[in-house]
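Peer 1: Letter by letter, the chains look like this.
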Amino acid sequence: MSTIQGANQMSQANPVHSLANVAAAHSASKGDHHIAGTGIEAKNIHAWFGDKHVIDDVSIDFFPGTVTALIGPSGCGKSTFIRILNRMHEFIPTAAMAGEVLLEGKDIYQSGTDVTKIRLGIGMVFQKPNPFPSMTIKENVLSGLKLAQLKVSNQSELLESCLVRAGLWNEVKDRLNEYGGALSGGQQQRLCIARSLAVSPQVLLMDEPCSALDPGSTLRIEETIRELSASMTIIIVTHNMQQAARVSDRTGFFLSDGGPGRLIECSSTSEIFSNPKDKRTEDYVTGRFG
Amino acid sequence: MSTATIPRPSKPWGVNFKQAIPDVVAAFATLLITYAIVAYTPLKGKLAFVIVLFLVAVIASAAISGIRRDRKAALNSISTVMIYVAGMFVIFPLGSILYEIIRRGIGGLSLGMFSTDMAVTASDAPLSEGGLIHAVVGTFYIVIIASLISVPIGILTALYLTEIKGKAAGTIRFFVQAMSGIPSIVAGLFIYAVWMIALGNQYSAAAGAMALAILMIPTVARTSEEVLKLIPSDLREAGLAMGGTQWRTVAMIVIPAAQSGLITAVILGVARVAGETAPLLLTMGGADALNLNPFAGNSSAIPFYVWKNFLLGTETAIDRAWSGVLVLMIIVLFFFSLTRFLSGRKGRF
Chain X
0 MSTIQGANQM SQANPVHSLA NVAAAHSASK GDHHIAGTGI EAKNIHAWFG DKHVIDDVSI
60 DFFPGTVTAL IGPSGCGKST FIRILNRMHE FIPTAAMAGE VLLEGKDIYQ SGTDVTKIRL
120 GIGMVFQKPN PFPSMTIKEN VLSGLKLAQL KVSNQSELLE SCLVRAGLWN EVKDRLNEYG
180 GALSGGQQQR LCIARSLAVS PQVLLMDEPC SALDPGSTLR IEETIRELSA SMTIIIVTHN
240 MQQAARVSDR TGFFLSDGGP GRLIECSSTS EIFSNPKDKR TEDYVTGRFG
Chain Z
0 MSTATIPRPS KPWGVNFKQA IPDVVAAFAT LLITYAIVAY TPLKGKLAFV IVLFLVAVIA
60 SAAISGIRRD RKAALNSIST VMIYVAGMFV IFPLGSILYE IIRRGIGGLS LGMFSTDMAV
120 TASDAPLSEG GLIHAVVGTF YIVIIASLIS VPIGILTALY LTEIKGKAAG TIRFFVQAMS
180 GIPSIVAGLF IYAVWMIALG NQYSAAAGAM ALAILMIPTV ARTSEEVLKL IPSDLREAGL
240 AMGGTQWRTV AMIVIPAAQS GLITAVILGV ARVAGETAPL LLTMGGADAL NLNPFAGNSS
300 AIPFYVWKNF LLGTETAIDR AWSGVLVLMI IVLFFFSLTR FLSGRKGRF
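Keeping their order, the protein sequence lines are chains X and Z. All residue numbers for the first sequence refer to numbering that gives the first Met the number 0, where the first residue is 0 and numbers rise by one. All residue numbers for the second sequence refer to numbering that gives the first Met the number 0, where the first residue is 0 and numbers rise by one.
Pulled out of the complex, with its shape left as it was, chain X reads as follows (with noise of 0.2 Å):
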């Protein structure tokens, strides 16, 4: 609470600093962290939807174990980014697309590609928290092995490192049977995580995971962002730049000018928010627009 609480404060004193500071004192406190996980990286992404023409040219390498935040004014695509990041964009019946997802150096659009389990590996976490209903917490934890029918010796052992991992575990250990509904929403969204968490997913997706969430909430799922980083790549959009500040290692910013969402630039979070390259990041990141 007192971070978000003295960010805002000093942001309002003095935003492009105030914002460096934060990123680049995380950045210091973070270290040179060892390498885990498996990076994804998208080449010359293009999306439509109809003949509406919402994202042009897109280029990001993720790398492995660091945390990427993805910012942008409403409606520049970076949601409809991520989603064709585990293929759930061509859910969307007038969808369609072009470029390259590579997962482990193989195109994730490939035909012949087993979709199910290029979600497995890619896990995402919605926007708004959504726990299924006629499960309880423990069967919602679970609930990825049964949907992709894997076989886990021990069940009680990863229920119990999932919430510990989501941050959880301490508040539901003695009501695991409940409903998941019974939580509250910051509850819920980390139940959320924890269930992604439990297929071992290489790369986590997270649409704004935070935008429905109190800030006591919010400050417990970054903390647990920031511990998920060791081990997996983790692609955060936000329209909170506080938010990206404190959790990421890098930084995307994403702007569409009337027409289609375009990537400005994605460099180190410390970059964006104190030496941006693009007149029009510093703009935004200073609260000029957006």
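Each hint should be verified, as a subset may be incorrect.
Unchecked claim - Calculated pairs, BS3-like style, for lysine-lysine (alpha carbon to alpha carbon, straight line, at most 27 Å):
(1) X:127 / Z:164
(2) X:145 / Z:71
(3) X:127 / X:116
(4) Z:10 / X:145
(5) Z:10 / X:127
(6) X:42 / X:278
(7) Z:228 / Z:164
(8) X:42 / X:145
(9) X:150 / X:172
(10) X:127 / X:137
(11) X:42 / X:276
(12) Z:166 / Z:228
(13) X:116 / X:42
(14) X:172 / X:145
(15) X:116 / X:105
(16) X:105 / X:127
(17) Z:164 / X:116
(18) Z:166 / X:51
(19) X:51 / X:127
(20) X:51 / Z:164
(21) Z:10 / Z:71
Hints in this document: simulated from the structure, not taken from any laboratory.
Dock chain Z against the given chain X, drawing on the hints supplied.
Peer 2: Only chain Z this time, still in chain X's reference frame:
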């Protein structure tokens, strides 16, 4: 010391005795005025009493609110009275039907009627002789067989419309809607013409069940579709995003989330057909003897038994008919309570 500072819980928004006095007075005045109008004007009879009471109640409640507060409050009480009256209009016919069925049916009810049929009993024999076990068994058979046919077809159709959303969805939805408008006698005629005349099958409970299934499918399909549409698409996406195939996602997440609604769909389907008579006349042939084989031979059902006894018209036959109606109601009520109980133990939404 903290105990002294805790106030006693109260409900300051409630109506206290003093405030209620004008309302009670107004209610009595309404009744009195209505009596007076019915007694001293040409408006006579029960119907006149009800209509006058309604009008006077509307005026009285509007007047009281208008005097106490303002025009807005008066309008509010007028609409409140109208809503209460509308609610009573719904309860009244159902309540009086139930009352009449119980009043006239209870006399013929006995345990013996559930162990004997009418094979050797004349319809105008005393009520202590004979029974309707043949009709009860027939109704069980046709409801169960019709459900076995139409519940899978209905729910799978609804899944096609909501989950697969295939190219034919529009056409199928149109046909399902058209199908729900089929008169029940036409469903009976269809099975009679195709299954019995053209294919040469005889009267049977199964033939009756097929005719009822034609009526039940659209009800189950349309209700299930509405229920499945209410399941948030977030849940489907979450299932798919975790590596579930579409079928696993539907079976593990969508259907359990919609469970109680789908059970309602089945109940509505059963309710639609359990009391049908017309299609059974053409397909089951009717019988007075118990027929335990649902696939061949004349058999009866409770609505059939009721229809036949009303047609006979003797005093005991009509008593038997009323008891038949009561038994049908009890069985349907038992079925519904059981399903609700079983489904209420688990499930959300």
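Peer 1: Does each hint hold? Answer for all of them.
Peer 2: Each hint, compared with the structure:
Distance hint between residue 127 of chain X and residue 164 of chain Z is fulfilled; the C-alpha atoms sit about 24 Å from each other, no more than 27 Å. Proximity of residue 145 of chain X to residue 71 of chain Z is assessed by CA-CA distance (about 58 Å); at most 27 Å being required, the pair is judged violated. Of the supplied pair hints, the one linking residue 127 of chain X and residue 116 of chain X holds, its CA atoms being roughly 24 Å apart against a limit of 27 Å. With a CA separation close to 50 Å, the supplied pair residue 10 of chain Z and residue 145 of chain X exceeds the 27 Å bound.
Between residue 10 of chain Z and residue 127 of chain X the alpha-carbon distance is near 37 Å, which puts this suggested pair outside the 27 Å criterion. Taken as a hint, the residue 42 of chain X and residue 278 of chain X pair is honoured in the structure, with Cα atoms around 25 Å apart against an allowance of 27 Å. For the proposed pair residue 228 of chain Z and residue 164 of chain Z, the alpha carbon gap of about 11 Å is at most 27 Å, so the pair holds. With a CA separation close to 33 Å, the supplied pair residue 42 of chain X and residue 145 of chain X exceeds the 27 Å bound.
A hinted pair counts as satisfied when its Cα atoms are at most 27 Å apart, and residue 150 of chain X with residue 172 of chain X qualifies at roughly 23 Å. The hinted pair formed by residue 127 of chain X and residue 137 of chain X meets the criterion: a straight-line CA distance of about 20 Å does not exceed 27 Å. Our distance criterion of 27 Å between C-alpha atoms is met by residue 42 of chain X and residue 276 of chain X, whose separation comes to about 21 Å. Distance hint between residue 166 of chain Z and residue 228 of chain Z is fulfilled; the C-alpha atoms sit about 18 Å from each other, no more than 27 Å.
Taken as a hint, the residue 116 of chain X and residue 42 of chain X pair is honoured in the structure, with Cα atoms around 21 Å apart against an allowance of 27 Å. Annotation: proposed proximity of residue 172 of chain X to residue 145 of chain X holds, straight-line Cα distance about 21 Å (limit 27 Å). With a C-alpha separation of about 13 Å, the suggested pairing of residue 116 of chain X with residue 105 of chain X holds against the 27 Å cut-off. Restraint check for residue 105 of chain X and residue 127 of chain X: the C-alpha separation of about 31 Å exceeds 27 Å, so the hint is violated.
The hinted pair formed by residue 164 of chain Z and residue 116 of chain X meets the criterion: a straight-line CA distance of about 24 Å does not exceed 27 Å. At most 27 Å may separate the alpha-carbon atoms for a hinted pair to count; residue 166 of chain Z and residue 51 of chain X meet this at roughly 23 Å. Pair hint residue 51 of chain X plus residue 127 of chain X holds up; C-alpha atoms about 26 Å apart against a cutoff of 27 Å. Of the supplied pair hints, the one linking residue 51 of chain X and residue 164 of chain Z holds, its CA atoms being roughly 23 Å apart against a limit of 27 Å.
Simply put, residue 10 of chain Z and residue 71 of chain Z have alpha-carbon atoms about 25 Å apart, close enough for the 27 Å limit, and the pair holds.
Hint check: violations occur at hints 2, 4, 5, 8 and 16; the rest are consistent with the structure.
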